[in-house]
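S.K.: What follows is each chain in one-letter form.
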Amino acid sequence: MNAELEASKASGSSALAQDPRRWKRLAAIIVALLLLIVAFLYGMSTGAVSIPIRTIWAVLVNREPSTEEQIIWNFRLPRTLLAVLVGMALSVSGAFMQGVMRNPLADPGIIGVSAGAGLMAVIIMLILPEMIYLVPAAAFIGAFIAVMVTYSLAWKRGASPLRIILAGVAVNALAGAVTSGVMQLYSDRVQAVLPWLSGGLGGVSWYHLQMVLPYFAVASVLSVFAVRHANILLLGDDAAKLLGQKTERSRLFLIFISTLLAGIAVSVSGLIGFVGLVVPHMVRLIVGNNYNYLLPVSALGGAALVVFADTAARSWFDPLELPVGILLAVIGAPFFLYLLRRGGGILGRT
Amino acid sequence: MGVLNVDQLGYRLSEKFGLHEVSLRAEQGERISIIGPNGSGKSTLLKMMARLMTPHQGSVMLNGRDIAKMKGRDAARMVSMLTQIQPDLSEMTVRDLVQYGRHPYRSLLSGSTEADQAIVEWAIHETRLGQLADRQLDSLSGGERQRAWIAMALAQKPKVLLLDEPTTYLDIAHQLEVLELMNRLNEQLNMTIIMVLHDMNQAAQYSDRMIVMQDGSIVQSGTPNEVMTAEMFEQVFRIRVRIHQEQTRPYIFPLAVSSV
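Here the protein sequences come in this chain order: L and C. Each residue of the first sequence is one higher than the one before, counting from 0 in numbering that gives the first Met the number 0. Each residue of the second sequence is one higher than the one before, counting from 0 in numbering that gives the first Met the number 0.
FYI, nobody ran anything at the bench for these hints, they're computed from the structure. Backbone N, C-alpha and C define an ideal beta-carbon position, used for all residues, glycine too. Watch out, some of these pointers could steer you wrong.
Listed below are the simulated SDA-like cross-link pairs for lysine to any residue, each with C-alpha atoms no more than 25 Å apart in a straight line [said to hold, decoys possible]:
#, chain 1, residue 1, chain 2, residue 2
1, C, LYS68, L, ASP236
2, C, LYS156, L, ASN230
3, C, LYS70, L, GLY157
Label-pair distances were calculated between CB atoms; the ranges are [what the hints assert, rightly or not]:
#, chain 1, residue 1, chain 2, residue 2, range
4, L, VAL189, C, THR53, 49 to 59 Å
5, L, ILE126, C, ASP87, 42 to 52 Å
6, L, LEU212, C, ASN37, 53 to 63 Å
7, L, LEU251, C, ASP133, 26 to 36 Å
8, L, ARG162, C, SER22, 32 to 42 Å
9, L, ARG156, C, ASP214, 23 to 33 Å
10, C, GLN56, L, LEU161, 24 to 34 Å
11, L, ARG156, C, LYS15, 15 to 25 Å
12, L, LEU161, C, ARG11, 49 to 59 Å
Negatives, chain C to chain L, calculated, CB over 10 Å [claimed, not checked]:
#, residue
13, LEU12
14, GLN27
15, ASN37
16, LYS158
17, GLU225
18, GLN234
19, ILE242
Kindly produce the complete structure, drawing on both the sequences and the hints.
M.R.: What follows is the structure, encoded as structure tokens:
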């Protein structure tokens, strides 16, 4: 041990003191947090009725009955909080999925989350419309079933990322086909499912928040434990196994958390795309692959993005409310193309 | 009983390729090179000793314990391997990578201790990467990157280090650097070194014992002088060679593919 300590002294000061990325990472966390705060205030004050920030504060603290109090307490606060939660869930889910699949184009959709959730939700909304209150639960269960099918199809003495992605393509195609079939059969009612399919937070209330909060709490705790698994899988299967890691088990654990988070988001907000793909992708360009930083910055950034997009979707086109999923896709697609053209630096080279 | 005992290893991938009753024993502090033509099973054998592949028959014992029954982290404290291909980890620094080597010593939530840090710095120092510790891997040369991965394996403090063609793709100076590093680790830490090498002369120069594989079996094992014979090269590699002596080690000069 003496030789080691001497070597430690010889090579200079400790690791953290000179890490060149330290400031960048710290700055990224602070900027993401500020963005979220700004987006939150924007979301609370903007809408059909503008409410000054000072009034918001007064309303939240004093809760004196007034029109503003009604708007804020019954509509904007639960909706904005849910937007925070959905943004965090989607981007953390995407960050894990990209790591597990070792593929920067991965998001929870790739293993069937959206297709499974979509199928179940469409079945309830079209075939059993009297049970519409079951849509969140059904979407959640649909997501899990689709992922389980994908994973078991991919299993052959282990489930490699490539096999999982290929099985996911098949499950997506099948679930998509059945969804289209159901929509054809009930084409007179299709109008009802369109907002859900493009994703949005219209009409959410405290009830929805209460419903998903326990799951979100569990997923958050699991995510903290998952960081180490995600970090070690970055090395690739061989190197991780050589360090004693059970890679199949880690991968399954991460897929489970990712599905849980995406399922939570889908159950309250429908099929919101692009957040899970673009946010972690962009954050990775700034803070790198280490999940100790990638995860918190993605969570904050994703929350800020969804809060902002949801506010824009409901206020910019007033009195029309655009599904937030459409707005995000319209912003997301060109941005994604830009990232692809810029290229480089994500989970190795793309 | 050696530190590593491979007993009657069998593996079957296809009609043509597999391992057949491969047994070998490595003593603590021994330097062994495995040579053989492409497809003779060298890498497969190495991977089974490192738990990357599971044999269909036979066992690998580390210090008298069957690795198939060991916990991953326990095995990872005793044996590590430098694989042939490493993933591209663009933005990771050398120190980040080497720190992974302490993974088998950490519990569920514990962070890196001072002792861990000392070992990381030691591994960086041993591999002469002190100046490069905070550089990102994609800014290093192939030889430097290879040393960074070796440093990670060293941070595991293994008793046995396996290397699968550690010199491929490196220029001659970097090749010697890696091989001399292995010599140093062997001398200073009494580490057992087992490597697959393609360069016979380097294998002869840098090992105590050479093992020759052909078609999934070990066909010869012995000191470089015992193994490096014209007959062996004729039979196993189908080449004609001239054999010289440099100090006490043999070296070969290949003449031609033998005409059969």
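S.K.: Taking each numbered hint in turn, which are not upheld by the structure, reported in ascending numerical order?
M.R.: The structure conflicts with hint 12 only, although it agrees with all the remaining ones.
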